[in-house]
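Participant: As they're listed, the protein sequences go chains A and B.
For the first sequence, position 102 matches number 101 in numbering that gives the first Met the number 0, and the numbering has no gaps at all.
For the second sequence, position 153 matches number 152 in numbering that gives the first Met the number 0, and the numbering has no gaps at all.
Hints in this document: simulated from the structure, not taken from any laboratory.
Even glycine gets a Cβ: it sits at the ideal position worked out from N, Cα and C.
Wrong hints could be hidden among the right ones.
Claimed, not checked - Ranges between beta-carbon positions, derived for each pair:
{"no.": "1", "chain 1": "B", "residue 1": "N13", "chain 2": "A", "residue 2": "R80", "range": "24 to 30 Å"}
{"no.": "2", "chain 1": "B", "residue 1": "A45", "chain 2": "A", "residue 2": "P33", "range": "24 to 30 Å"}
{"no.": "3", "chain 1": "A", "residue 1": "I140", "chain 2": "B", "residue 2": "A145", "range": "49 to 55 Å"}
{"no.": "4", "chain 1": "B", "residue 1": "E108", "chain 2": "A", "residue 2": "D89", "range": "46 to 52 Å"}
{"no.": "5", "chain 1": "A", "residue 1": "V67", "chain 2": "B", "residue 2": "T132", "range": "21 to 27 Å"}
{"no.": "6", "chain 1": "B", "residue 1": "R180", "chain 2": "A", "residue 2": "F54", "range": "27 to 33 Å"}
{"no.": "7", "chain 1": "B", "residue 1": "A145", "chain 2": "A", "residue 2": "R62", "range": "41 to 47 Å"}
{"no.": "8", "chain 1": "B", "residue 1": "A45", "chain 2": "A", "residue 2": "Q137", "range": "32 to 38 Å"}
{"no.": "9", "chain 1": "B", "residue 1": "A145", "chain 2": "A", "residue 2": "P33", "range": "49 to 55 Å"}
{"no.": "10", "chain 1": "B", "residue 1": "E40", "chain 2": "A", "residue 2": "F18", "range": "47 to 53 Å"}
{"no.": "11", "chain 1": "B", "residue 1": "A97", "chain 2": "A", "residue 2": "Q137", "range": "56 to 62 Å"}
{"no.": "12", "chain 1": "B", "residue 1": "A97", "chain 2": "A", "residue 2": "D138", "range": "57 to 63 Å"}
Stated by the list, open to error - One-sided excerpt, in silico: chain A residues whose CB lies under 10 Å from chain B:
{"no.": "13", "residue": "T47"}
{"no.": "14", "residue": "Q59"}
{"no.": "15", "residue": "I63"}
{"no.": "16", "residue": "G64"}
{"no.": "17", "residue": "P65"}
{"no.": "18", "residue": "V67"}
{"no.": "19", "residue": "P79"}
{"no.": "20", "residue": "L81"}
{"no.": "21", "residue": "L85"}
{"no.": "22", "residue": "Q107"}
{"no.": "23", "residue": "V108"}
{"no.": "24", "residue": "T110"}
{"no.": "25", "residue": "T111"}
{"no.": "26", "residue": "D115"}
Listed below are the residues making up each chain.
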Amino acid sequence: MFEKGSWNPIAKGAGPFYFPDGKARFNVAAYTPPAEDVDEEYPIILTTGRVVSQFLSGTQTRRIGPLVDQYPEPRVEMHPRLAEKLGIEDGDWTAVESRRGQITLRAQVVTTIRPDTIFIPYHWAGAKSANQLTVAAQDPISKIPEYKLCAVRVKKAEAAPDWANGGGRA
Amino acid sequence: MAVLSHMEFFIDPNRCIGCQSCVQACGECDTHKGHPMIHLEYVDRAHSVQTAPVVCMHCDQPTCAEVCPADAIKRTGDGVVQTARKPRCVACNNCALACPFGVPKMKTEFQLMMKCDMCYDRTSAGKKPMCATVCPSGALFFGARAQVEQLRPHSSPVNQFRFGNQVITTKVNMMAPKVARAEYVDVTAAMDEEVIGKSIFLNILSVVEEG
Chain A
0 MFEKGSWNPI
10 AKGAGPFYFP
20 DGKARFNVAA
30 YTPPAEDVDE
40 EYPIILTTGR
50 VVSQFLSGTQ
60 TRRIGPLVDQ
70 YPEPRVEMHP
80 RLAEKLGIED
90 GDWTAVESRR
100 GQITLRAQVV
110 TTIRPDTIFI
120 PYHWAGAKSA
130 NQLTVAAQDP
140 ISKIPEYKLC
150 AVRVKKAEAA
160 PDWANGGGRA
Chain B
0 MAVLSHMEFF
10 IDPNRCIGCQ
20 SCVQACGECD
30 THKGHPMIHL
40 EYVDRAHSVQ
50 TAPVVCMHCD
60 QPTCAEVCPA
70 DAIKRTGDGV
80 VQTARKPRCV
90 ACNNCALACP
100 FGVPKMKTEF
110 QLMMKCDMCY
120 DRTSAGKKPM
130 CATVCPSGAL
140 FFGARAQVEQ
150 LRPHSSPVNQ
160 FRFGNQVITT
170 KVNMMAPKVA
180 RAEYVDVTAA
190 MDEEVIGKSI
200 FLNILSVVEE
210 G
């Protein structure tokens, strides 16, 4: 886009965009369903993402005490409506299972998420890794992994995971 | 040296994005290394991602100083309420319990109360407080009143707070939306306020009734 007031040689001054008429173009993208959609067996959408105090795999940010204190371990964010349906309360150990693996984390009940979706941050490895659940699908062109969406089922965990008791891989 | 009278602190919690930059910058200061004096609070994490930075409001009549049995908290002539004098502080925790804003922190390991002193080492030398220099969204702003009026045309600074019958006037200003026509912030009203959905209402902003 050419700056306002500057001469656009492509449009010969007709507009600010890089087209003969100086107008912008919308590129239409057809909707592609996810590689794995929810079904009766795995009815909840899992999305992964980041928390403010951690960066990527945490090799830098988990060396810094105050940043670790802000968010010491991953939590499963879920809406109160979903939590009520599953009999889970804030802070409860929650087992999340997909076709590829399972993870047990504490629940964080918040209304800032959709009731059909749960969120787990991806900054941890081993038994705390959200990628035990995610699919291996990629975008065919860009090869970006489809970490933002897969199908899971959620229930209240019967026991705390090994890493919470000082055992297992952390 | 004193804080220049035309330089004021303006807090705009609406603009806070919860990045914790202020907390980290505050904690790096050599005068209290590793112990941030600013608080960054979630307003109600279950219902909103809204955060709010809390610095010392520097009250005209500081409750913390009024309840101090050892007279360890001093307010300098420029209106800054200083952190506890170490030789005097008896770590009784009165100030931490009394402050309506919840600012003083009791450091039991040092037998000392520590709180935000508006970076007195910096502000008395003509610099800005550390938190205001690092805040990326302008939630913490230190400067002239004319500057903030230009930057925030839809908000006006308020420096009166009500906690039940206690009325507090502060050196630090809080930005309130002009549509609320607020003359003071009724903090106790906020405690009873029900959160609906993701919004936080402005019932806490009030206008003094006439007559």
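Participant: Among all the numbered hints in the text so far, which are the ones the structure does not match?
Facilitator: 4, 6, 13, 14, 18, 20, 21 and 26
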